[in-house]
Amino acid sequence: MHSHTRTLLTIVTEAALEGTLVRDLDRLHAHGYTITDARGKGNRGVRDAGWEASANIRVEVVCDAETAEAIAASLQEQYYDDYAMILFMSDITVLRPQKF
Amino acid sequence: MHSHTRTLLTIVTEAALEGTLVRDLDRLHAHGYTITDARGKGNRGVRDAGWEASANIRVEVVCDAETAEAIAASLQEQYYDDYAMILFMSDITVLRPQKF
Amino acid sequence: MHSHTRTLLTIVTEAALEGTLVRDLDRLHAHGYTITDARGKGNRGVRDAGWEASANIRVEVVCDAETAEAIAASLQEQYYDDYAMILFMSDITVLRPQKF
Amino acid sequence: MIDPVILFFVLGAVAGLLRSELRLPAAVYEFASIVLLLSIGLKGGIELARQPFGNLLPQMLAVVALGLALSLIAFPVLRHLGRFTRADAASIAAHYGSVSVGTYAVAVAYLGSRQIAFEAHMPLLLVLLEVPAILVGIVLARGLSRETRWGSVAHEVFLGKGIVLLLGGVFIGWAAGPDGLASIEPLFFDLFKGILALFLLEMGLITAKQAGSLRRHGPFLVAFGIGMPLFSALVGTWLGWALGLSIGGTAILATLAASASYIAVPAAMRISVPEANPTLSLAAALGITFPFNVLLGIPIYHALSVWAHTFARG
Amino acid sequence: MIDPVILFFVLGAVAGLLRSELRLPAAVYEFASIVLLLSIGLKGGIELARQPFGNLLPQMLAVVALGLALSLIAFPVLRHLGRFTRADAASIAAHYGSVSVGTYAVAVAYLGSRQIAFEAHMPLLLVLLEVPAILVGIVLARGLSRETRWGSVAHEVFLGKGIVLLLGGVFIGWAAGPDGLASIEPLFFDLFKGILALFLLEMGLITAKQAGSLRRHGPFLVAFGIGMPLFSALVGTWLGWALGLSIGGTAILATLAASASYIAVPAAMRISVPEANPTLSLAAALGITFPFNVLLGIPIYHALSVWAHTFARG
Amino acid sequence: MIDPVILFFVLGAVAGLLRSELRLPAAVYEFASIVLLLSIGLKGGIELARQPFGNLLPQMLAVVALGLALSLIAFPVLRHLGRFTRADAASIAAHYGSVSVGTYAVAVAYLGSRQIAFEAHMPLLLVLLEVPAILVGIVLARGLSRETRWGSVAHEVFLGKGIVLLLGGVFIGWAAGPDGLASIEPLFFDLFKGILALFLLEMGLITAKQAGSLRRHGPFLVAFGIGMPLFSALVGTWLGWALGLSIGGTAILATLAASASYIAVPAAMRISVPEANPTLSLAAALGITFPFNVLLGIPIYHALSVWAHTFARG
Ligand SMILES: Nc1ncnc2c1ncn2[C@@H]1O[C@H](COP(=O)(O)O)[C@@H](O)[C@H]1O
Ligand SMILES: Nc1ncnc2c1ncn2[C@@H]1O[C@H](COP(=O)(O)O)[C@@H](O)[C@H]1O
Ligand SMILES: Nc1ncnc2c1ncn2[C@@H]1O[C@H](COP(=O)(O)O)[C@@H](O)[C@H]1O
Ligand code: NA
Ligand code: NA
Ligand code: NA
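Protein chains in written order, with the numbering used here: chain A, 1 to 100; chain B, 101 to 200; chain C, 201 to 300; chain D, 301 to 614; chain E, 615 to 928; chain F, 929 to 1242.
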């Protein structure tokens, strides 16, 4: 089995941003993404998903390292000041590299 | 605290596959798994979880590297052609290695 | 873009523990956490989230390595014997290290 | 006068096409479909208690034959005219040989608001029509191969949500009778059309999402999605008339024949014929046939039934 | 004639045992239980407004004593006959000293469809019975240790979902009175049995999942899960009769005594006595006692109550 | 006599302040708000069908002007007296120039239980009041800059869940008329107040969570959250009277003016004016103004309306 290294970029942010974020990801050449509903706490306080305004989403993007950095830089610039958001990256191994 | 390295295998696929997949994992010697509901986009288009047919699941299995490779190979062979599915692996540290 | 290494601690445990766990995390100096609803299987059998008593949560904490180890050790000591729970850690890259 | 539940479907479809942010939580959609399935089953069960079971046997057999026949007819059309792969043709054929509970519910609402009676055991025929096409679809795709694990296919088919709730409802209605059910009527009967309205709102939203796939998979699917139900409705009308059903019952049977499954069959095909592309069958069944039946088909099938009964008598 | 809501429970249990894919979304289950809890509270509150509170005090105290007594009796049986660990015995005892709101709702439906009246303040007794057994359970497991954080135990117990909704309902019913509530009757009263039916469908599915643990933990749990409620119902019948309750009221009190908690107590024990194995208590309370009470127990307890009143009078 | 739906709000708020574990699943909250929005729209639509549209035009224009005016008045107060940043002042002003559907529903329930009639096209005015303040808010924050993508703002505003369901309901009610809707009345009309009760229970829980932010952001927000609705209600009462509305209609218009949005506007501001701190506007609109209106405001606005009509006549 041939395996290849890619980057997993994880974003946790406000659910209100989902539509915009998904458009950004397309524009920034992500080949795909996975979203789950989440709640949490951070600098901007507790976001307990009790209703729309306090819900989070957790978005994962598998891509190559450059794309991940480009996406991270772009999101950080656009959203970090005004939105509850964290970003982190890790190295992963994938089986079908052409997909990502 | 003694810590040990294991592999985290993450699978994102169609919710319709949950029953079969769980049986596969048992058969392939996974000691456990964790599932969350998800939505996303990939080669097979947008899967927005609006209803059963378009819902995804995100499955995580913590196991040793050989088991992870065996599971990944088996799932890839059985499902990659016909189902929306991605797989990736990463190294993690666990505390109670005998559990996995 | 300057990037920095942190630790991602992931905990999967019983939903009934959410309140207590969140207080523990605050006490143990986590700056934040992200929670998603989950189901799964492990040593303590199938937990299918059919109702409150069998639901899991999946908690992620981004922090520095020492904090992660301290949290892991504390949770392991308090909860491992009596609760369905797994813990694992991995290295990640973050952009704004001061947040975590 | 147009039934308001249809307008909810239109609202959902328009909102979806305009890319509105309207979305029903999945739990609400499931709640609506659980209540509808139980409610349809309960109504059937109440009436089953009133008539000897033996009388129904011929109708039940005829309806199973109908399901088999419709999928066997659809398959070659899809394979040769539509040039679909074997698996795709088999899967789409199974969808059209089976039935849509949502379409059935709209037909019931249509007849109800016109006070047209129909045979009360229709939910039983609905259940019977759901299954055979699935088996045909699998055999068409795979041949009668030894590898097919019929045990797990049967499990998938008979223990799926839809059948369990419909048959469970029939059983409870039959065992408890109309008086016994009085106490649960407010939820299962009085709210029926309101909940159908919410269900159709969501169906409209889902339908709108099929628009993209339709554009991609071209005009054959559109033609098939309208032509096949019209043809099936003719067969269903003839069968209803031949079985001696009332005007209302014939219209319902024609609607059942014309409808295409989008719940039980997709789920079964996904597991049993995974190489079939689910986008194709859903685009046809949900994107074309469901709205066609709901907006235009049901009145047409009603007219067909009236015409068949008048013609036959005269 | 069997109540249809019971048939929903049977449907769920059978579907679960056959490993059907039927599943109610968690949100639907929670919706049903929220409406049931509020509805039971509201009904109690309406009636509370009608009678002087002082009259009820003796009954309230008696019922608290009942909860304490039942768990204190269950504990040594579990510890010595059942050979459970101290924590497990304490936890199971707490479940059986407390009550199940679902069982109460079925008893109310049972009496309602037979038009048997009962004292209207029963929901208040229900609330009172829920709590003391939890405290007993904790003390039995831990002793009166200083370490127990009673503040957070009290918070857990009194501010849990169940108690807040029941007491909140009682308060709203009492403050608004029957006329004030007329406008919300369609949801909370008319739909009561329909929503109870959905709730029991899900309870059937959950119950079926306990089958595995039961097989593992053997015949003692089964015997206890039937014997304990029968014994508790005798005590409850005697107490109801001694307090001068009507036949219906005595039957309800016997049912409350016989029922075992599967919501409030498991949640509290999980936090306060974590070393107790939750599988054991749920297998007994949900897998045995709940279906036993719902299918056989309630008619038995009703008969017991009739017998006690006849016997006493004669 | 206090309306029980208000008591559900109080129950939620108290449970929240005591940190109870009571929580409604998000799907239940969404279900309740979907049914309420559709129901309000349907009622409006039915009545729209009864009167010539032309008559309403002046009222519609006046109400748009009202929305614009209220946000333009609030802005300088917030900017200079409250010392908020430009973005925050603009965003809060937009919330107060727009309306809260929940408050509207409580006002309707209030008048209903007192059998006070009001003009039936109020839902239309509700929709019209929702939008203009959002546009004002964006312009106040950004200026009339070229960069604002008005296309996507319009999409966000007009295709948001609230407007689509309200307008969709109006359209369906208008097209189907009262007879057509009879079949869906049990869900959308009979359950209205029960579902409103559940909605308010959740609103109480959400409101309680604003307490923390309020403590942090000080007394100005509290004063504004009470003073602004009182002022707006005066303007609304005057406008209702000037437009010749009935007592009930005037009270509703005053309530609409006094209410502050917590659904449509927060969502729009989050996307279009992201630098505004959403905690501030929600703390004021949800933490102060909503409970103030629901508990005290509506009776005051009703009294204002009676007074205005008496004064004018005398
Ligand atoms: N240290 C952390 N670990 C895990 N998740 C976090 C952390 N900090 C923030 N989050 C998540 O990111 C969201 C936004 O973070 P913030 O912008 O810091 O409020 C929070 O609501 C959490 O869900
Ligand atoms: N590059 C990616 N990053 C993250 N998730 C992905 C990616 N590609 C696919 N997925 C997820 O995997 C599912 C199936 O992928 P696919 O088979 O490519 O359609 C999608 O619906 C997404 O949820
Ligand atoms: N090997 C594993 N891989 C992934 N998730 C696991 C694994 N083992 C346990 N889990 C998760 O952790 C929960 C508690 O585990 P346990 O204490 O082993 O029962 C399970 O319900 C699963 O959700
Ligand atoms: Na068909
Ligand atoms: Na008991
Ligand atoms: Na306003």
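Incorrect hints may appear among the rest.
[As the list claims (entries may be wrong)] Some chain A residues near chain B, calculated using beta-carbon distances under 8 Å:
#1 His-4
#2 Leu-8
#3 Leu-28
#4 Tyr-33
#5 Thr-34
#6 Thr-36
#7 Val-46
#8 Val-62
#9 Glu-66
#10 Thr-67
#11 Ile-92
#12 Val-94
#13 Pro-97
#14 Lys-99
No lab work stands behind these hints: they were computed from the structure.
Even for Gly, the Cβ is constructed at its ideal location relative to N, Cα and C.
Which hints, by number, does the structure contradict?
-> Violated: hints 1, 3, 7, 9, 10 and 13.
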